[in-house]
Amino acid sequence: MNGKPMAFLDSAASSQKPEQVLEALDHYYRTQNANVHRGVYALSQIATDAFESSRRTVQQFINAGSEREVIFVRGTTEGINLVASSFGRTFFKAGSEILITGMEHHSNIVPWQLIAEQTGAVLKVVPVTDSGEIELDVYASMLSEKTALVAAVHVSNALGTVNPVEAMIRLAHEQDIPVLLDGAQAVPHMKVDVQALDADFYVFSAHKMLGPTGFGILYGKEKWLDKMPPYHGGGEMIKEVTFEKTTFNELPFKFEAGTPDISGAVAMEAAIRYLEAIGMDQVMRREQELLEYGTEKLLAIDGIRMYGTAPHKAGVMSFLLEGVHPFDLGTLLDKMGIAVRTGHHCTQPLMARFGIPGTVRASLGIYNNEADLDQLTEGVIRAATMLR
Amino acid sequence: MTINEIQDEIIEEFGFFEDWMEKYGYIIDLGKNLPLIDAQYKDEEHQIKGCQSQVWLQADMEEDRVRFTADSDAVITKGIIALLIRVFDNQKAADIAHADLYFIDKIGLKEHLSPTRSNGLLSMVKQMKYYGLALSAR
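Protein sequence lines, in the order shown, are assigned to chains A and B.
For the first sequence, the numbering used here assigns the number 117 to the initial residue and increments by one for each residue that follows.
For the second sequence, the numbering used here assigns the number 56 to the initial residue and increments by one for each residue that follows.
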């Protein structure tokens, strides 16, 4: 890129895709393309089988209790909007509290603000410490009989903090409060077992985990999904339609109106197979190694400050260089073939909490290596001499 | 000098640079040396918001010429502002409003004026031309 070997360090925004995922897309469109759950003909059955096979693979990958609990959506954002709209309309009333954390992505803030406006519910925010963590006792003290839902990020996209979600869920469940986790930055980097976590809802995107864009998963416990009205109306989600009344299809199809992203589902399955072949434990081990390596190298640079210094972190290094605007640093790094994200990372309230306009964020994927991080640190040093 | 004469002069200057490093080194120097905007204009009213960096722009008439001052929180943005001011400052309002701004593309900085860059520069150019249009109508 820009005439230099590229160090791609923006996997938290979107990952690169392996050959197998591209092949799955190609294979689907060349040999399996037909609408699903419709035709009596063989090709439609082949497409349906491929589509539903992906659902089983996702179910096993996150250890969901049943395929009925795996809803195909466009991504994390749509998944959260679905729950906010459908669960919120059913269970929120005036004075209900939605508890989020101060490190949420805008996708886990704005949908709740929209439904809060409609229902009279209010948003409560667990504060973030200087190291970029939440304190469990503060969190626990904010749970009450008014809390209708906890919606929290599993791994922070801006800081890399891995939140203590097991304890958070346990504390919420002690008071019968359901919990939604935004797992967009967690599922690509570690083993996630939704039943072991006991999450009520868990949402993530395919494109951050080697899969295609525009595809994602909403996991929800059947006991909640059954009580929730459909989000979108249309084909597929119905059982019977008359002009007087429509009855709805069963789970998961109740929430999947219209022709779904069939190729997306097929390619997602290929991405999961690829990750499973490596093993999620191995993925995590390798990324932790790189995180330690990169953090140490960056911290050796004069005037660098890391944002997000929790002991338990995923592969995100968010930093600023004293006296240097993140945009300037990002621009020069780009010229050196280093792809990092600069700005507020869609977490403006979190940046405001730290009193900064944004950070430079280097984030890791399984294809990164030490050479990428060497290139990054050398680039930062070179940019620093130019900018200061 | 006319707007186009200044643009051609800048293109010629940038032609001497061997690589991006020298080019950006020069832009950074321009940014660091941009005359300060009067503190009173660094307010909400004069601010052009970009997602990545902020820009402040202020314009005045001096006889039949438009005078600009500006600032940014990012130094590369500020350097490009310095170039834009060199082109548009002390020109006639109507000439600014109708100018074809081609030097940015020619010196290889097109990406900085891309709508997706979100650094406030594109809005700043629009705002400078808008001032030109508004002031020429007086």
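Keep in mind that the hints are not guaranteed to be accurate.
[What the hints assert, rightly or not] Facing chain B, according to a computed beta carbon distance under 10 Å, are these residues of chain A, among others:
| no. | residue |
| --- | --- |
| 1 | Gly119 |
| 2 | Met122 |
| 3 | Ser130 |
| 4 | Gln132 |
| 5 | Gln161 |
| 6 | Asp309 |
| 7 | Gln311 |
| 8 | Phe443 |
| 9 | Lys451 |
| 10 | Met452 |
| 11 | Pro473 |
| 12 | Arg498 |
| 13 | Met502 |
[To be verified] From the derived model, a few chain A residues whose C-beta atoms are all more than 12 Å from chain B:
| no. | residue |
| --- | --- |
| 14 | Glu290 |
| 15 | His348 |
| 16 | Thr501 |
None of these hints come from the bench; they were simulated from the model.
All C-beta atoms in this analysis are idealised placements derived from N, C-alpha and C, irrespective of residue type, glycine included.
Hint by hint, here is what the structure shows:
no.	hint	result
1	Gly119	holds (9 Å)
2	Met122	violated (15 Å)
3	Ser130	violated (15 Å)
4	Gln132	violated (20 Å)
5	Gln161	violated (43 Å)
6	Asp309	violated (37 Å)
7	Gln311	violated (39 Å)
8	Phe443	holds (4 Å)
9	Lys451	holds (5 Å)
10	Met452	holds (9 Å)
11	Pro473	holds (7 Å)
12	Arg498	holds (8 Å)
13	Met502	holds (6 Å)
14	Glu290	holds (41 Å)
15	His348	holds (29 Å)
16	Thr501	violated (10 Å)
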